[in-house]
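Which chain is which? The protein sequence lines are A and B, in order. In terms of our numbering, the first sequence opens at residue 616 and continues consecutively. In terms of our numbering, the second sequence opens at residue 93 and continues consecutively.
Keep in mind that a hint or two might mislead.
Short derived list, chain A residues pointing at chain B, Cβ under 10 angstroms [what the hints assert, rightly or not]:
no., residue
1, C649
2, I667
3, F692
4, V713
5, C716
6, R720
7, T723
8, E728
9, L729
10, K741
11, V742
12, C745
13, C748
14, E749
Pairs of lysine to any residue, SDA-like flavour, derived with a Cα cap of 20 angstroms [as the list claims (entries may be wrong)]:
no., chain 1, residue 1, chain 2, residue 2
15, B, K291, A, E739
16, A, K741, B, R287
17, B, K291, A, R744
18, B, K286, B, D268
19, A, K753, B, D288
20, A, K708, B, D101
21, B, K286, A, E738
22, B, K294, A, N740
23, A, K751, B, S283
24, B, K291, A, E738
25, A, K708, A, D673
26, A, K708, A, V690
27, A, K697, A, L729
28, B, K292, A, L735
29, A, K751, B, F252
30, B, K286, A, E739
31, A, K741, B, K291
32, A, K751, B, V359
33, A, K741, B, V285
34, A, K753, B, S283
35, B, K251, A, K708
36, B, K292, A, D737
37, A, K741, B, S283
38, B, K333, B, R371
39, B, K286, A, L735
40, A, K751, B, Y297
Bear in mind the hints are in silico, worked out from the structure with no lab data behind them. Cβ coordinates follow ideal geometry from the N, Cα and C atoms, glycine included.
Listed below, chain by chain, are the residues.
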Amino acid sequence: MRVDAIQNGIVIDHITAGRGMQLYELLGLGELECPVALMMHAVSGKMGSKDIIKIDADIPVDLDVIGYVDPGATVNFIRDGKLIEKRRIEMPKMLTNVIRCRNPRCITSVEQELDHVFRLTDEENKVYRCIYCETKAKV
Amino acid sequence: MRSIIDVRDLSIEEIDELIRIACDIIDNPGKYSEMCHGKKLATLFFEPSTRTRLSFEAAMYELGGNVLGFSEAQSSSAAKGESVADTARTVGCYADIIAMRHPKEGAPYVASLHAGIPVINAGDGGHNHPTQTLADLLTIYREKGGFSGLTVGFCGDLKFGRTVHSLINALARYEDIKIVLISPEELKLPSYVKRDVLKKNKIPYVQTTDLEDAIPQLDILYMTRVQRERFFNEEDYLRLKDSYILDPKKLVNAKEDLCIMHPLPRVNEISVAIDEDPRACYFKQVLNGKYMRMALMLKLLEIL
C-alpha cells in the first residue's frame with residue numbers, strides 16, 4: 616500500500632502498531648479538513664510493523680499527546696517536500712487536558728472550568744496521576 | 093507562598109522542627125500567646141467537622157489571633173455555585189491563612205493556587221489530612237521519644253482511611269519501622285500504597301485479618317473507623333462496620349507500653365472500657381493536634 620509524500624506538514628512515524636487510532640482520536644485529527652492518512656500495521660525494518668500518520672497541512676500538533684500515547688514515536692516536519700526536522704518524542708512530565716480524571720470524588724468532577732492535569736509519577740511504568748486527587752490515569 | 097496540602101509537602105527536617113516547636117509551645121504556652129496578634133485564620137469547611145475546625149480555631153486563639161469562616165457549604169457562596177478558586181481568591185482578601193475542608197479531593201490544592209495566602213488542607217474527601225498526620229506524629233514522638241525501631245499496627249478500614257495512608261507515608265521516611273496491616277479483605281490497604289510507599293522505601297510489612305494475633309508485637313496500634321460516608325453501598329457498610337472492636341480482653345497480651353491511637357470520631361471500634369487504660373492515647377492525639385496546628389500556622393505565616 617502506498618500513500619503519497621506530503622509537501623508541507625507532519626509525519627508521525629514509528630508508532631507502535633495498533634496505537635495509531637488512539638493517537639488519531641486524541642489529536643482530534645478527524646476534525647481536520649486537510650488530507651490525513653492513518654496507515655496501520657505497515658511493514659517496518661526495525662519494528663516488524665508500525666503505524667504511521669501523515670498530515671498534509673502546516674498545523675500545530677500537541678507533541679505531549681504523542682509522548683503520552685507512544686513515547687518513542689518520531690515526528691518529521693516537512694516543508695516544501697523536504698524533511699526539515701526529525702524529533703523523537705519523550706513522555707511529557709505534565710499532561711493538560713489530554714485525558715480526563717475519572718474519579719467521581721475529584722474536584723474536577725464538579726468544577727467544569729478546571730483543567731484536567733496529570734503528572735508523570737512513575738516513568739518506568741508509565742504512570743500518570745491527577746494532580747488534584749492522585750488518581751492513576753487509565754492509559 | 094507556602095501551603096500544606098499533603099504531609100509529603102514537608103521534609104523530615106521540617107516535621108522535626110514542627111515537633112520541636114509544638115513541644116516548646118506545650119512547655120512555654122505564655123511565650124506564644126500573642127505571636128499571631130492581628131492575624132486572621134479563615135476556616136472554610138465545606139463539610140461538617142467538629143474536631144478539626146475547633147482545633148484550628150482554638151490554635152489560632154491561643155496564638156492571639158482571630159478567626160472567621162463557615163462550617164458548612166450551605167452557608168457559603170458555594171451554595172450559589174461559586175467555584176473553589178473564586179472563594180479562595182475572595183477569602184485571600186480578608187484573611188492571612190486558610191484552613192480548608194472539602195468533600196472533593198484536590199479542592200484545597202485548587203484553593204492554594206488562587207488564594208494568594210497559605211492554605212492548609214484540613215481534609216479533602218478520602219484523600220489527604222496532613223494536620224491529622226502531624227498530630228499523630230507528635231503523639232508517637234511524645235509517647236515513644238522518636239520513630240525508629242517501632243512496630244506500628246493499623247487496624248480497620250485501611251482502604252478508604254486517609255489518615256492511615258497519610259501516616260504510613262510519613263512513617264515510611266523514618267528508619268527501622270515495621271508495619272502490620274490488620275483489616276478485612278475488602279478494606280485492605282490499596283496496592284498502590286504498598287507498592288509506592290512500603291516497597292519503595294523497603295519497609296517490612298505484614299497483612300493479617302486477625303487483630304488479637306497481631307497485638308503482642310505492636311508498639312503502636314492505630315485503630316480506625318469504618319466510615320459510612322466512604323461507601324456507595326449501605327449494605328457493604330453494615331456488613332463491615334463491626335469487623336474490629338478493641339476491648340480489654342483483646343489487650344491481655346499487648347505490651348505494657350503499647351500506645352493506642354485513633355483519629356476520632358469513634359463509633360464502637362474502641363470500647364469505652366479502654367478509655368481509662370494508660371495505653372489509650374486518642375484524646376492526647378486531639379490535644380497534640382492543636383499544638384501541631386499552632387506550630388504549622390506559625391511557620392506558614394513566617395512568624396517563626
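Outcome of the hint check:
1. Taking 10 angstroms as the C-beta cut-off, the interface hint given for A:C649 is violated, the closest approach to chain B being about 37 angstroms.
2. Hint status for A:I667 relative to chain B: violated, with the closest Cβ pair at about 36 angstroms, above 10 angstroms.
3. This hint is violated: A:F692 has a C-beta 35 angstroms from the nearest C-beta of chain B, more than the 10 angstroms allowed.
4. Because the beta carbon of A:V713 sits about 18 angstroms from the nearest beta carbon in chain B, more than 10 angstroms, this interface hint is broken.
5. Hint status for A:C716 relative to chain B: holds, with the closest Cβ pair at about 9 angstroms, below 10 angstroms.
6. Using the Cβ-Cβ criterion of 10 angstroms, the hint placing A:R720 at the interface with chain B is satisfied: the shortest such distance is roughly 5 angstroms.
7. Hint on A:T723 holds. Least Cβ distance to chain B is approximately 7 angstroms, under the 10 angstroms limit.
8. Because the beta carbon of A:E728 sits about 7 angstroms from the nearest beta carbon in chain B, less than 10 angstroms, this interface hint is met.
9. Hint status for A:L729 relative to chain B: holds, with the closest Cβ pair at about 7 angstroms, below 10 angstroms.
10. For A:K741, the suggested interface contact is broken, since its CB lies about 14 angstroms from the closest CB of chain B, more than 10 angstroms.
11. The beta carbon of A:V742 is positioned within 10 angstroms of a beta carbon in chain B (closest approach about 9 angstroms), and the interface hint is therefore held.
12. For A:C745, the interface hint holds, the least distance from its beta-carbon to any beta-carbon of chain B being 7 angstroms, beneath 10 angstroms.
13. Taken as an interface hint, A:C748 checks out: its beta carbon lies about 4 angstroms from the nearest beta carbon of chain B, inside 10 angstroms.
14. A least Cβ separation of about 7 angstroms between A:E749 and chain B falls short of the 10 angstroms threshold, and the interface hint therefore holds.
15. As the CA atoms of B:K291 and A:E739 are separated by approximately 16 angstroms, the hinted pair is consistent with the 20 angstroms bound.
16. Between A:K741 and B:R287 the alpha-carbon distance is near 15 angstroms, which keeps this suggested pair within the 20 angstroms criterion.
17. A threshold of 20 angstroms between alpha carbons decides the hint, and for B:K291 with A:R744 the separation of about 19 angstroms falls inside it, so the pair holds.
18. A C-alpha spacing of about 17 angstroms is found between B:K286 and B:D268, which places the hinted pair at or below 20 angstroms, so the restraint holds.
19. Taking the CA atoms of A:K753 and B:D288, the gap is near 17 angstroms; set against the 20 angstroms cutoff, the hint holds.
20. The hinted pair formed by A:K708 and B:D101 meets the criterion: a straight-line CA distance of about 19 angstroms does not exceed 20 angstroms.
21. Annotation: proposed proximity of B:K286 to A:E738 holds, straight-line Cα distance about 18 angstroms (limit 20 angstroms).
22. Restraint check: the Cα-Cα separation between B:K294 and A:N740 comes to about 19 angstroms, which is no more than 20 angstroms; the hinted pair holds.
23. Restraint check: the Cα-Cα separation between A:K751 and B:S283 comes to about 12 angstroms, which is no more than 20 angstroms; the hinted pair holds.
24. Distance check on the hinted pair: B:K291 and A:E738 sit about 17 angstroms apart at the alpha-carbon level, within 20 angstroms; holds.
25. About 26 angstroms separates the Cα atoms of A:K708 and A:D673, which puts this hinted pair outside 20 angstroms; it is violated.
26. Proposed proximity of A:K708 and A:V690 is supported: the alpha carbons are some 18 angstroms apart, at most 20 angstroms.
27. Straight-line distance between C-alpha atoms of A:K697 and A:L729 comes to about 41 angstroms, which puts the hinted pair past the 20 angstroms bound.
28. Our distance criterion of 20 angstroms between C-alpha atoms is met by B:K292 and A:L735, whose separation comes to about 17 angstroms.
29. At roughly 16 angstroms between alpha-carbon atoms, A:K751 and B:F252 fall within 20 angstroms of each other, so this suggested pair holds.
30. For the proposed pair B:K286 and A:E739, the alpha carbon gap of about 17 angstroms is at most 20 angstroms, so the pair holds.
31. Restraint check for A:K741 and B:K291: satisfied, since their Cα atoms lie roughly 18 angstroms apart, inside the 20 angstroms limit.
32. Proposed proximity of A:K751 and B:V359 is contradicted: the alpha carbons are some 32 angstroms apart, above 20 angstroms.
33. A C-alpha spacing of about 17 angstroms is found between A:K741 and B:V285, which places the hinted pair at or below 20 angstroms, so the restraint holds.
34. Taking the CA atoms of A:K753 and B:S283, the gap is about 16 angstroms. The hint holds against a cut of 20 angstroms.
35. Under the criterion of a C-alpha separation no larger than 20 angstroms, the hint pairing B:K251 with A:K708 is inconsistent with the structure, at around 28 angstroms.
36. The straight-line distance between the Cα atoms of B:K292 and A:D737 is roughly 12 angstroms, inside the 20 angstroms bound, and the hint therefore holds.
37. The straight-line distance between the Cα atoms of A:K741 and B:S283 is roughly 17 angstroms, inside the 20 angstroms bound, and the hint therefore holds.
38. Between B:K333 and B:R371 the alpha-carbon distance is near 24 angstroms, which puts this suggested pair outside the 20 angstroms criterion.
39. Proposed proximity of B:K286 and A:L735 is supported: the alpha carbons are some 19 angstroms apart, at most 20 angstroms.
40. With a C-alpha separation of about 24 angstroms, the suggested pairing of A:K751 with B:Y297 is violated against the 20 angstroms cut-off.
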